[in-house]
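Asks: Kindly produce the complete structure, drawing on both the sequences and the hints.
There are 2 protein chains.
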Amino acid sequence: MKEGSFQQRYGHLRRLIDRRLASLVKHDQPRDLRDGLEHVLSAGGKRVRSTLLILSCKAVGGRTVDALNAGAAIEMMHNFTLVHDDIMDNAVERRGRPTVHIKWDVNNALLVGDVLLGIAYECLLKTRTRDLRRVVELFTEGLLEVCEGQGVDLAIEPKRHVTLSDYFKMIEKKTARMIGMSTEIGGLIGGATARQLQALRKFGHYLGRAFQVQDDLLDVVGEKRRLGKTIGGDIVEGKKTYLLLKAVEGARGKDRTVLARMMSHAGSASDTPRRKVKAVTDIYKRWGVIETARQQIQRDTRKATGALSGLPKNDATSMLCWFSELLVKRVS
Amino acid sequence: MKEGSFQQRYGHLRRLIDRRLASLVKHDQPRDLRDGLEHVLSAGGKRVRSTLLILSCKAVGGRTVDALNAGAAIEMMHNFTLVHDDIMDNAVERRGRPTVHIKWDVNNALLVGDVLLGIAYECLLKTRTRDLRRVVELFTEGLLEVCEGQGVDLAIEPKRHVTLSDYFKMIEKKTARMIGMSTEIGGLIGGATARQLQALRKFGHYLGRAFQVQDDLLDVVGEKRRLGKTIGGDIVEGKKTYLLLKAVEGARGKDRTVLARMMSHAGSASDTPRRKVKAVTDIYKRWGVIETARQQIQRDTRKATGALSGLPKNDATSMLCWFSELLVKRVS
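As given, the protein sequences belong to chains A and B, one line each in that order. The numbering of the first sequence is the working numbering, which starts it at 1 and goes up by one. The numbering of the second sequence is the working numbering, which starts it at 1001 and goes up by one.
Think of the hints as simulated: they come from the structure by calculation, not from any bench. For clarity, every value in this text was computed on a predicted model and none was experimentally measured. Here a beta-carbon is modelled for each residue, glycine too, at the ideal position from N, C-alpha and C. Any given hint might turn out to be false.
The calculated label-pair distances, taken between Cβ atoms and stated as ranges, are [claimed, not checked]:
1. Thr64(A) - Arg1294(B): 55 to 61 Å
2. Asp28(A) - Arg1252(B): 51 to 57 Å
3. Lys103(A) - Arg1294(B): 40 to 46 Å
4. Arg1134(B) - Ser23(A): 21 to 27 Å
Replies: What follows is the structure, encoded as structure tokens:
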């Protein structure tokens, strides 16, 4: 099947998911709560996790209709983490719109997040599958991992000495596990064999890692218009990204001193955010970490698509491969 | 069976539940997260919801061991709501100890709440029962109701005109539904018939209402030492309790003006908290609302225990009756 056709089918899937998500908000809820839920769910997004879940289900012989509720559930859970993480990180913008705690307040954002998680389970439980217990177990494991990952993130945020190994531990919990869970749940619903489930989990795991490093990279080389957020935001906040930690490992001399200041959130009082972004981006370029990040992404993507060889050869499996490459080629 | 024996068995059940709860905290979690979870789960409490769940299971022929995981799950979910509600209400104390967002910060409290909910599902999913889907569905309905109830609470909090009907709508979602869900899930696990389930739901519903009005009453007539919180706290905060709303309905003249000021959170600048508590308590006494609250509690408790006639006559059913009366006789 051709790329254009995959693109069309992806558009179709996204519309299906968006419609299902919109249908889950009840209209008799307290007004701020309902408006907050609609604000979050109408903001769009790539629907990466649900698309992967549905395609994984189809790759092993299942149908879209069987996986749609679980797909919507995973998007709900993902949005729950975004709303709560945005409170914790005090983020003001998400997908080009104010975050919930900015548009309303922390109380409403807290509650909107909690309700998103409740609706996620409600929706997941509508799934018709042989082993619902296992599906809900996996979903819950994913929830706990992503929360723990956020806990690790909060714990390393104020630390001066953070290594790439800490970073991978964190993103494995925050991103890779959730994507691996999406592909595995899709497989379970589609009736995958144990070997196919293992392949799907491996695929999701490496794709999740690649996806997160790509996210870090886009903060440096992306375009604001397409990302819906300000470029260099991670640098301004001194976030411990793949690029920063890799640069700290490699850089020497004055560049190393500048990066050490970034790690301790000290910075120079005379630095404007713009100058800070330029200075750090230049260091990244000088020490080749942008290229290293690209290689890391390629390596993990290859491992991910390699795992697809354990699945039946069909249109959905080809589309999973196409989708993986689309994700890691985003605007970079 | 005698009262002393019920008291002993209740003590035994509480220890079983406390031990199960303590066993659910993992030790490889980020430190603040783990300490926060232990802080919450070691604070004790009456374990009302889990005790009701387990006794309901036994009343229809089930065993304690079959209901213990679901009981622990319900306590976890209850504690999740407490931790998040305490952030929203900016409460500083709970069960005589600092709340999580006070002892740590809002970020950790947010995350501790989220993880409590995740562990709740994890624990619930260990339940061996004929219809796990229905058990998890009920649990999720309860979660959504309690969140919506908190939404209603936040929405009516700044309003001047709140009626008793608003109040009952709120507590039905925040308290009665959760207790009705506990007894219903217990029944499901114990293999209850449809009629028995209906009786258990009705029992929990009315007991939950009685329990909440009793909670409001204890703020006025309770003892700090036994409650672990300051008496008159609701009055100082201008919380819309059963007593305040009933007094607003009935009082006339100057008393009505004082209560109207309370409803709008204005108060008099010269009022110390102590004087405010005394003034409002005196109004409650003058207009007989303390007595009215007691009657309301008795009426709902009678409806609750009346519903128990739909259950088999056995020790567990008798203990449910004993426990209901114990709950609404707390120190008042």
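Asks: Next step is simple, just say for each hint if it's right about the structure.
Replies: Tested hints:
Between Thr64(A) and Arg1294(B) the Cβ separation comes to about 58 Å, which falls inside the hinted range of 55 to 61 Å. At roughly 35 Å, the beta carbons of Asp28(A) and Arg1252(B) sit outside the given window of 51 to 57 Å. With their beta carbons about 44 Å apart, Lys103(A) and Arg1294(B) fall inside the hinted range of 40 to 46 Å. A hinted range of 21 to 27 Å holds for the C-beta pair Arg1134(B) and Ser23(A), which are about 23 Å apart.
Checked against the numbered hints listed earlier, the structure breaks hint 2 alone; every other hint is satisfied.
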